[in-house]
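Starting from the given sequences, assemble the full structure and let the hints guide the process.
Protein chains: 2
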Amino acid sequence: MIEDIDSLDNWRRTAYSKDITTANSGEEVIVFGWVASYRDQGNLIFIIINDRYGSIQITVKKNEIKDEIYQKVNNIKEQASIGVKGVVKLAKKAPNEIEIVPIDLKILSKSEKTLPFNIFAKTLPSIDKRLDIRAFDLRRTRAQNIFNVREIVIKAIREYYNNTDYREINTPKIISSATEGGAALFPILYYNREAFLTQSPQLYKEQLIVAFEKVFEIGSAFRAEQSRTLSHLSEFISVDVEEAYVNYIDIMNTIEKMINNIITRLNESNILEKFQIEKKQIKKFKTYTYKEILNLLNKRGVEKEWGEDITSKDLKDFNEEEFYFIIDWPTASKPFYIKPNKDNQELSESFDLMFGNKELASGGTRISSKKLLLERFKEKKLKTKAFESHIKMFDYGVPPHAGFGLGLERLVMSIIKEENVREVTFFPRDQRRLTP
Amino acid sequence: MIEDIDSLDNWRRTAYSKDITTANSGEEVIVFGWVASYRDQGNLIFIIINDRYGSIQITVKKNEIKDEIYQKVNNIKEQASIGVKGVVKLAKKAPNEIEIVPIDLKILSKSEKTLPFNIFAKTLPSIDKRLDIRAFDLRRTRAQNIFNVREIVIKAIREYYNNTDYREINTPKIISSATEGGAALFPILYYNREAFLTQSPQLYKEQLIVAFEKVFEIGSAFRAEQSRTLSHLSEFISVDVEEAYVNYIDIMNTIEKMINNIITRLNESNILEKFQIEKKQIKKFKTYTYKEILNLLNKRGVEKEWGEDITSKDLKDFNEEEFYFIIDWPTASKPFYIKPNKDNQELSESFDLMFGNKELASGGTRISSKKLLLERFKEKKLKTKAFESHIKMFDYGVPPHAGFGLGLERLVMSIIKEENVREVTFFPRDQRRLTP
Chain L
1 MIEDIDSLDN
11 WRRTAYSKDI
21 TTANSGEEVI
31 VFGWVASYRD
41 QGNLIFIIIN
51 DRYGSIQITV
61 KKNEIKDEIY
71 QKVNNIKEQA
81 SIGVKGVVKL
91 AKKAPNEIEI
101 VPIDLKILSK
111 SEKTLPFNIF
121 AKTLPSIDKR
131 LDIRAFDLRR
141 TRAQNIFNVR
151 EIVIKAIREY
161 YNNTDYREIN
171 TPKIISSATE
181 GGAALFPILY
191 YNREAFLTQS
201 PQLYKEQLIV
211 AFEKVFEIGS
221 AFRAEQSRTL
231 SHLSEFISVD
241 VEEAYVNYID
251 IMNTIEKMIN
261 NIITRLNESN
271 ILEKFQIEKK
281 QIKKFKTYTY
291 KEILNLLNKR
301 GVEKEWGEDI
311 TSKDLKDFNE
321 EEFYFIIDWP
331 TASKPFYIKP
341 NKDNQELSES
351 FDLMFGNKEL
361 ASGGTRISSK
371 KLLLERFKEK
381 KLKTKAFESH
391 IKMFDYGVPP
401 HAGFGLGLER
411 LVMSIIKEEN
421 VREVTFFPRD
431 QRRLTP
Chain H
1 MIEDIDSLDN
11 WRRTAYSKDI
21 TTANSGEEVI
31 VFGWVASYRD
41 QGNLIFIIIN
51 DRYGSIQITV
61 KKNEIKDEIY
71 QKVNNIKEQA
81 SIGVKGVVKL
91 AKKAPNEIEI
101 VPIDLKILSK
111 SEKTLPFNIF
121 AKTLPSIDKR
131 LDIRAFDLRR
141 TRAQNIFNVR
151 EIVIKAIREY
161 YNNTDYREIN
171 TPKIISSATE
181 GGAALFPILY
191 YNREAFLTQS
201 PQLYKEQLIV
211 AFEKVFEIGS
221 AFRAEQSRTL
231 SHLSEFISVD
241 VEEAYVNYID
251 IMNTIEKMIN
261 NIITRLNESN
271 ILEKFQIEKK
281 QIKKFKTYTY
291 KEILNLLNKR
301 GVEKEWGEDI
311 TSKDLKDFNE
321 EEFYFIIDWP
331 TASKPFYIKP
341 NKDNQELSES
351 FDLMFGNKEL
361 ASGGTRISSK
371 KLLLERFKEK
381 KLKTKAFESH
391 IKMFDYGVPP
401 HAGFGLGLER
411 LVMSIIKEEN
421 VREVTFFPRD
431 QRRLTP
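Line by line, the protein sequences give chains L and H. Heads up, the first sequence stops at 436 in my numbering, and the numbers go up one at a time, no gaps. Heads up, the second sequence stops at 436 in my numbering, and the numbers go up one at a time, no gaps.
One thing to keep in mind: the hints can contain errors.
Pairs count within a copy or across copies, as identical chains cannot be separated in the list.
No farther apart than 25 angstroms at their CA atoms in a straight line, the calculated lysine-lysine pairs in the DSS-like style are these [what the hints assert, rightly or not]:
#1 342 to 106
#2 358 to 284
#3 89 to 106
#4 385 to 129
Simulated from the structure, these hints should not be mistaken for laboratory data. These numbers come from a predicted model, not from an experiment.
Structure follows, in structure tokens:
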């Protein structure tokens, strides 16, 4: 059992690509990265390595380097990881206008095969081919940019809720019954019993406002969707918020602030430039009632009757706004826990947060009275038995509350105008894909 | 369908309990909370309500209040949520030395039943009875303190990794094969195929260092444990870290810094006082080799041969240290992805982070060479077929890397000396419990 690669030994990175500038000229550094390109130009070899923050040029002068190192350099293949101990020199045309001239070099991983596609090619293979070797597919510049955006988004969400009294919670992903009473559940064998993967932490976050008032969770949720669209995943990250002593309008106000915090952080980072997207404006989101949307659609020739669902297809040309709300949906179209309007029970205290024609989030005032909850169970023809331990809670007094659930991946894809949700997911899961 | 409770209308909280001090005397406020105690003392009624941050005394003078409000007050039961509009007055013996004298009052939830146990009693019922009505059980003062600690811990972990170049990742919880090849997996029916719930994001975080170098995840993990101990859960929060271009010693150094960051944040908050625990010291963790521990145990009369596992029972009296490491475990006792020591292949580059006799985290240098990986598969008699899409990655060059996985709940219970892991979990899952 002999290692076929160099050992790391006592080499440790002294600087990332972003840390080395022309000011460091003459200094000795140790850098690590994977080989993004390798060009042999006679007496000179130019190797570009990429690390977590960018690129560094390694310049090898054949007649100035020890033979032992030259032999190693000669064996380097793209995608392999190398370590370079060397001296920083000025180099006008290189990234950051510097290059490293190696004193010593380690080949830390061998690339035995060539990747099935060139990650820097203009035309890429289908996403399925790329997902098969996702770890390397994620080295693409666009993928790196996408996951930088995703990081900024997730940090800005957490920043907003951490700074406004919300408690971060973790609710169970293994549950005994469906939240929405729907069929889109994955069954689990749980110690010889049937259980399910959660579609949403809905009932658990409603429980936790009893003890903590304001809660949020960023966690995994699961939908056994039969649809194979570009915006559905079987497993996704759900951003869930629930709060006592407020209604749906208050929640819409906090969502607006939270999204505007994301926009602020994105604008500060200048990352949207990399997607040819202009800085976004901080603004109040427009609000349409369900009825107003119906009227607008009818005017455009999309025939819809009151009570019908509004699909993203219906809203295809409805792109005057990026973020906007549709409120006051028919009670019948919403889940059992959504509160009907006091003065018109056909309507519910509910909203969807939209982006163009895409639904990003759904929320509303929740029912907090047991009596009302049981009436809604009846109307929905849901069996109370499966929800016993949830319903029991209402005997002891649940305060009024409201909240929402938002799909993180849909938010990210909307922001960067990416059409396929899989591109913004580390390892997507859908009806066909379970690996890697 | 008539609401049997008061409507929130346009009432919104103007202050939390923590915000109202003697300096606010004379001001009008709106406060919300659940009724922690209700004492009728003839002409005076004292109601203590609790909100997210503490307690407020509401003092009702029967002969100074409108009859309509008195009727409401008269109907208030413990656990019910109320809203009070009133004036802040000084009250030496009340929480924060203030009381609210109500002008108006809303009963926002009705407590139709009395809780099966008094959450302020000195002797509580079994944890099982309490978990049956967990939402209200979490209103106990100790539970509130526990989840304050948990929040500080989780924030301090994230703060440490966010500030040191780690990318937060989300890996799939539905997987096609076991990470450790073990049996403790929950099977799922995934669109007519068999899949499993992940035990650990191990293989996925190893994949992601290829593209992002330094990654961490705080997410759900699942173990179909048959054991019913006080420190096992079927679903838990796993803190996972993986990093390229380092070995296990580097990772141990970062864990030490991360834990010391948690200790700093806990000390700043003074929360440990509430558990009668003194402020913890920031220090270097002691490191024992597996062999040293064997020798120590043998000296104490615990007979162990080289290669045997060290259990928490073996270490029962080994409590000189809170946090310490045990390193250099036998290769045979560690999973296939752990790297054997170059000079002595019986030993592995591995460590456990311990607290007293409890294992909190496990980590090591990983194998990055495909050849070595396949040898380890053979030794472990594992079928490579189930790991095809993972093994394939090693063809293209995986840099050297190391990492660890840590059980969040175990860390929290250790810090506050809580014996039952269920007490530090919002909604625990175990062999018997699937609800709420």
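Checking each numbered hint in turn, tell me which of them this model violates, lowest number first. none
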